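Asks: In order, the protein sequence lines correspond to chains A and B. Numbering follows numbering that gives the first Met the number 0, with no gaps: position 454 of the first sequence is 453. Numbering follows numbering that gives the first Met the number 0, with no gaps: position 145 of the second sequence is 144.
Be a bit skeptical, because a hint or two may be false.
[Stated by the list, open to error] Derived CB-CB ranges, DEER-like: (1) A:Arg123 to B:Lys75: 31 to 41 Å; (2) A:Val358 to B:Glu116: 45 to 55 Å; (3) A:Met259 to B:Lys75: 41 to 51 Å; (4) B:Met139 to A:Lys136: 23 to 33 Å; (5) A:Lys509 to B:Glu312: 47 to 57 Å; (6) B:Leu306 to A:Val358: 32 to 42 Å; (7) B:Met139 to A:Val358: 31 to 41 Å; (8) B:Asn39 to A:Ile161: 24 to 34 Å; (9) B:Ser293 to A:Lys34: 52 to 62 Å.
Think of the hints as simulated: they come from the structure by calculation, not from any bench. As the structure is a prediction and not an experimental result, all values here were calculated from the model. Just so it is clear, CB atoms sit at the ideal spot from N, CA and C, and this is done for glycine as well.
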Amino acid sequence: MMRSRITYRLIVFILAFAFGILFSMPSFTDSQNGKKVSLGLDLQGGLYMLLSVQTESAIISKIKTIASAIKYDTDKNDILVDRLKADENGINISLLDGDDAKRLDEILTKISGVEVQKDGLNYRVLLTPQEKIDTSKYAVDQAVETIRNRLDQFGLAEPTVIKQGEDKILVELPGIKSAADEQRAMDLIAKSAHLQLMAVDEKRQDIAQTMNEDEAAAYGDLLLSDAKNPRYKYLVNEIPILDGSMLVDARVAFDNQTNMPIINFTLNAQGAAKFGDFTGANVGKRLAIVLDNRVYSAPSINERIGGGSGQISGGFSIEEARDIAIALRSGALIAPVNLEEKRSIGPSLGQQSIDQSMVALSLGAVLVLLFMVLVYGLAGVLANIALVVNILLLIAVMALFGATLTLPGMAGILLTIGMAVDANVIINERIRELLKEGHNIHTCIQKGYQNAMSAIVDSNLTTLITSAALYAYGTGPVKGFAVTMSIGIIASMLTAILGTHGMFEFLSRKIERGSSVLWFGYRIKRG
Amino acid sequence: MQIFDKGKIYNFMGIRWVMFAISATLFFGSIALLFTKGLNYGIDFAGGTLIQVKYHDKDAPIDLIRDKFASNEILKNASITEFGSASEITIRYTTTSDSLGNNPGAFVADMLKDSGEFEIRRVDVVGPKIGSELREKGIMAVIVSLVLILIYIGVRFEWRFALAAIFSEIHDVVIVLGAISLLSIDVNLDTLAAILTVLGYSLNDTIIIFDRIRERVKESKFIELFGVINESVSLTLSRTLMTSVTTLLAVITLFFYGGDMIHGFSIIMIIGILIGTISSVFIAAPMLSWFRFSVEEYRALMVAKELRKKEKEKIRAMYEKGRL
Numbered sequence: 000m001m002r003s004r005i006t007y008r009l010i011v012f013i014l015a016f017a018f019g020i021l022f023s024m025p026s027f028t029d030s031q032n033g034k035k036v037s038l039g040l041d042l043q044g045g046l047y048m049l050l051s052v053q054t055e056s057a058i059i060s061k062i063k064t065i066a067s068a069i070k071y072d073t074d075k076n077d078i079l080v081d082r083l084k085a086d087e088n089g090i091n092i093s094l095l096d097g098d099d100a101k102r103l104d105e106i107l108t109k110i111s112g113v114e115v116q117k118d119g120l121n122y123r124v125l126l127t128p129q130e131k132i133d134t135s136k137y138a139v140d141q142a143v144e145t146i147r148n149r150l151d152q153f154g155l156a157e158p159t160v161i162k163q164g165e166d167k168i169l170v171e172l173p174g175i176k177s178a179a180d181e182q183r184a185m186d187l188i189a190k191s192a193h194l195q196l197m198a199v200d201e202k203r204q205d206i207a208q209t210m211n212e213d214e215a216a217a218y219g220d221l222l223l224s225d226a227k228n229p230r231y232k233y234l235v236n237e238i239p240i241l242d243g244s245m246l247v248d249a250r251v252a253f254d255n256q257t258n259m260p261i262i263n264f265t266l267n268a269q270g271a272a273k274f275g276d277f278t279g280a281n282v283g284k285r286l287a288i289v290l291d292n293r294v295y296s297a298p299s300i301n302e303r304i305g306g307g308s309g310q311i312s313g314g315f316s317i318e319e320a321r322d323i324a325i326a327l328r329s330g331a332l333i334a335p336v337n338l339e340e341k342r343s344i345g346p347s348l349g350q351q352s353i354d355q356s357m358v359a360l361s362l363g364a365v366l367v368l369l370f371m372v373l374v375y376g377l378a379g380v381l382a383n384i385a386l387v388v389n390i391l392l393l394i395a396v397m398a399l400f401g402a403t404l405t406l407p408g409m410a411g412i413l414l415t416i417g418m419a420v421d422a423n424v425i426i427n428e429r430i431r432e433l434l435k436e437g438h439n440i441h442t443c444i445q446k447g448y449q450n451a452m453s454a455i456v457d458s459n460l461t462t463l464i465t466s467a468a469l470y471a472y473g474t475g476p477v478k479g480f481a482v483t484m485s486i487g488i489i490a491s492m493l494t495a496i497l498g499t500h501g502m503f504e505f506l507s508r509k510i511e512r513g514s515s516v517l518w519f520g521y522r523i524k525r526g
Numbered sequence: 000m001q002i003f004d005k006g007k008i009y010n011f012m013g014i015r016w017v018m019f020a021i022s023a024t025l026f027f028g029s030i031a032l033l034f035t036k037g038l039n040y041g042i043d044f045a046g047g048t049l050i051q052v053k054y055h056d057k058d059a060p061i062d063l064i065r066d067k068f069a070s071n072e073i074l075k076n077a078s079i080t081e082f083g084s085a086s087e088i089t090i091r092y093t094t095t096s097d098s099l100g101n102n103p104g105a106f107v108a109d110m111l112k113d114s115g116e117f118e119i120r121r122v123d124v125v126g127p128k129i130g131s132e133l134r135e136k137g138i139m140a141v142i143v144s145l146v147l148i149l150i151y152i153g154v155r156f157e158w159r160f161a162l163a164a165i166f167s168e169i170h171d172v173v174i175v176l177g178a179i180s181l182l183s184i185d186v187n188l189d190t191l192a193a194i195l196t197v198l199g200y201s202l203n204d205t206i207i208i209f210d211r212i213r214e215r216v217k218e219s220k221f222i223e224l225f226g227v228i229n230e231s232v233s234l235t236l237s238r239t240l241m242t243s244v245t246t247l248l249a250v251i252t253l254f255f256y257g258g259d260m261i262h263g264f265s266i267i268m269i270i271g272i273l274i275g276t277i278s279s280v281f282i283a284a285p286m287l288s289w290f291r292f293s294v295e296e297y298r299a300l301m302v303a304k305e306l307r308k309k310e311k312e313k314i315r316a317m318y319e320k321g322r323l
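Just chain A, with the same shape it has in the complex (with noise of 0.2 Å):
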């Protein structure tokens, strides 16, 4: 005589059951409460980017801010050099008095990170390999909090910006919605905000419109454009007397007496000394105020400058300006990005998906509960209970882990569906097979699991394999999928396999007594 009986597989499916619908109600309903399934940009609408670092150019940055400190030092000390010269790979110097050697050394050894190379006076500086990664590295960390950082302050709804590999960064941007937005987003992400300040070669400035940029490097300089007129071109010093790096605050002010937006900046308290001491001994000289490689102005210096403010004047929109005093002040990229892929989303194409795809799945989803009723009868039904069990604990997963929800991950979901339902046929065939030998009903349940759990396992686990290579190889979308794909699998394994047989073990006592028709779809022979 069986008796109905509560196993700990019920209590595991009924757990489950009551898991799968606290966690994925908040995902459909309206409220604000708990944790969601976040729609990717496919759905949603927005703008998905992925960006590269330029990381060789943080290198030559990082050898030319060392030249630029080099230069202060060996101004200071009173150190003769003949010539001091950055390229991409290092610092070349040559002492003009064999004097100077020993404190030169001293200088020298206090920088960190570089190789000193000597030839008599002639010294050869270079970033040693550890460095060059570090900068590398420190470039793109840089840049995902640079770009974090502006996006913030431009007051989009949930931005995400993410490291991706060595030297990649993906942003997302939800709810943009039209190309003019688009296009701020971009400018602004890709500004690389580089504020120098330079001393303009007074020398040969004269004839800076006729010289090309070898010639300009033969003495040193750098040639850049005026910003409002492209043609005219200003020769300054290549090592920059500071750079962005020393800005504190930026903020757009007005000019009293043209009333056009400017920006006035601050610098740290070694910028100001820097500053100071440059405009103190450069009086009647010109100053170059670099931005992003363009001349905006070059004020003559009237006096020394303490304090450490500047402006940028430049003739901006209040817009232009408002964006590059946040490019500003959430600092340069160190290193300039590349845009390598570019996706954009209309609100009404997500939405459309969305739609469509709801449509699919409980369309899909009706037709194989329908099927397995047919087939199995109510052996069908407690599958198909577990299959609903199955979906919600889905959602509920993907929402406790933030998992994205694509548009792929919704064919996912659907195919999750089809192929659940895969344990409960394997189960219940090898249940009728055992009922078509004619052995007792509790019997056949017991043994049918039995025999059915390594053709299970083994299918299943080869699936979350395939999964996984999915996830570690694929990108964006492709990830979701495997996402939804793994959760599904490995839910399905609660549902259908201890689930479905914690009900039959619960109702075996019916099972016993009722038809064998009605519960497995199948005539036995009496007697």
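Put chain B on the given structure of chain A with help from the hints.
Replies: Same frame as chain A, but now just chain B:
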């Protein structure tokens, strides 16, 4: 509802040569197609720009748009095709610009501004470097999952099972790729996801049949392989068909109601499920005999294994008794 007579053993292996001929035709036909027609890489893998435009309340003036594009030096090779309905088009060209400042969506919007009321619904730009990176990763995903599966089945079953499964997987992937080439479906990330799903599905099928073969080898009254295979396939036939039907029901709804974005994905899935189901029976199973799988040997192996296990238990029992 009962579809097949449970007791009956069908002679599947009797028609294996017919099925094999069909398979070989499809397989080599697919390879020929891949070499001649080739695959149509979407911008995900080839790099390029794709813009989707939907016109409101009217059909897209494709001829007008083509004329406009033809007069632009960079865009004159753009392909402009209808997408889903007559009011929606996709514009595709292979050039991209590295600079962030370039905004093809705005550019095209400006170019088409007097062609009617429309909306730019999607702009995808994939740089050539990323395109090739995505392609490499895609191929790696397929290879890595095949190798992992080979190892898993080798450990859980036997090396002949693993080889047979992998050959049947390769067979499926090649034929699906052939179908993709034949139907000129764009190969993009979604397509890759579909191919890998097909791989997983077909493998499921194969493993369930193999699991039965492994079980029947021990218990069957048949001693030669084809008898065991016929019996195993017949016993799993209801399951194979049931699952194919439920999965097909899901994928076919996706095809009809899932929208155009998912069309390619669902076609590949439908073909893949059919091919995968057939190959599990007619490619994977008979291949066991090609690798000289012998029922008697395997039985002996299993018996030896069982004996070793019993021996171990005996020793353990004696050891435990000895301690008591």
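Asks: Take the hints in turn and mark each one as holding or not.
Replies: Going down the list of hints, with the structure as the test:
Distance hint for A:Arg123 and B:Lys75: a CB-CB separation of about 52 Å, inconsistent with the stated range 31 to 41 Å. In this structure, A:Val358 and B:Glu116 break the distance hint of 45 to 55 Å, their C-beta atoms being roughly 27 Å apart. In this structure the supplied range 41 to 51 Å holds for A:Met259 paired with B:Lys75, their Cβ-Cβ distance being about 43 Å. Between B:Met139 and A:Lys136 the Cβ separation comes to about 25 Å, which falls inside the hinted range of 23 to 33 Å.
In this structure the hint that A:Lys509 and B:Glu312 lie 47 to 57 Å apart at CB is violated, the actual value being about 39 Å. With their beta carbons about 59 Å apart, B:Leu306 and A:Val358 fall outside the hinted range of 32 to 42 Å. For the hinted restraint 31 to 41 Å between B:Met139 and A:Val358, the CB-CB distance of approximately 35 Å keeps it satisfied. The hinted range of 24 to 34 Å is satisfied by B:Asn39 and A:Ile161, whose Cβ atoms lie roughly 32 Å apart.
Against the hinted window of 52 to 62 Å, the Cβ-Cβ separation of B:Ser293 and A:Lys34 comes to about 56 Å, which satisfies the hint.
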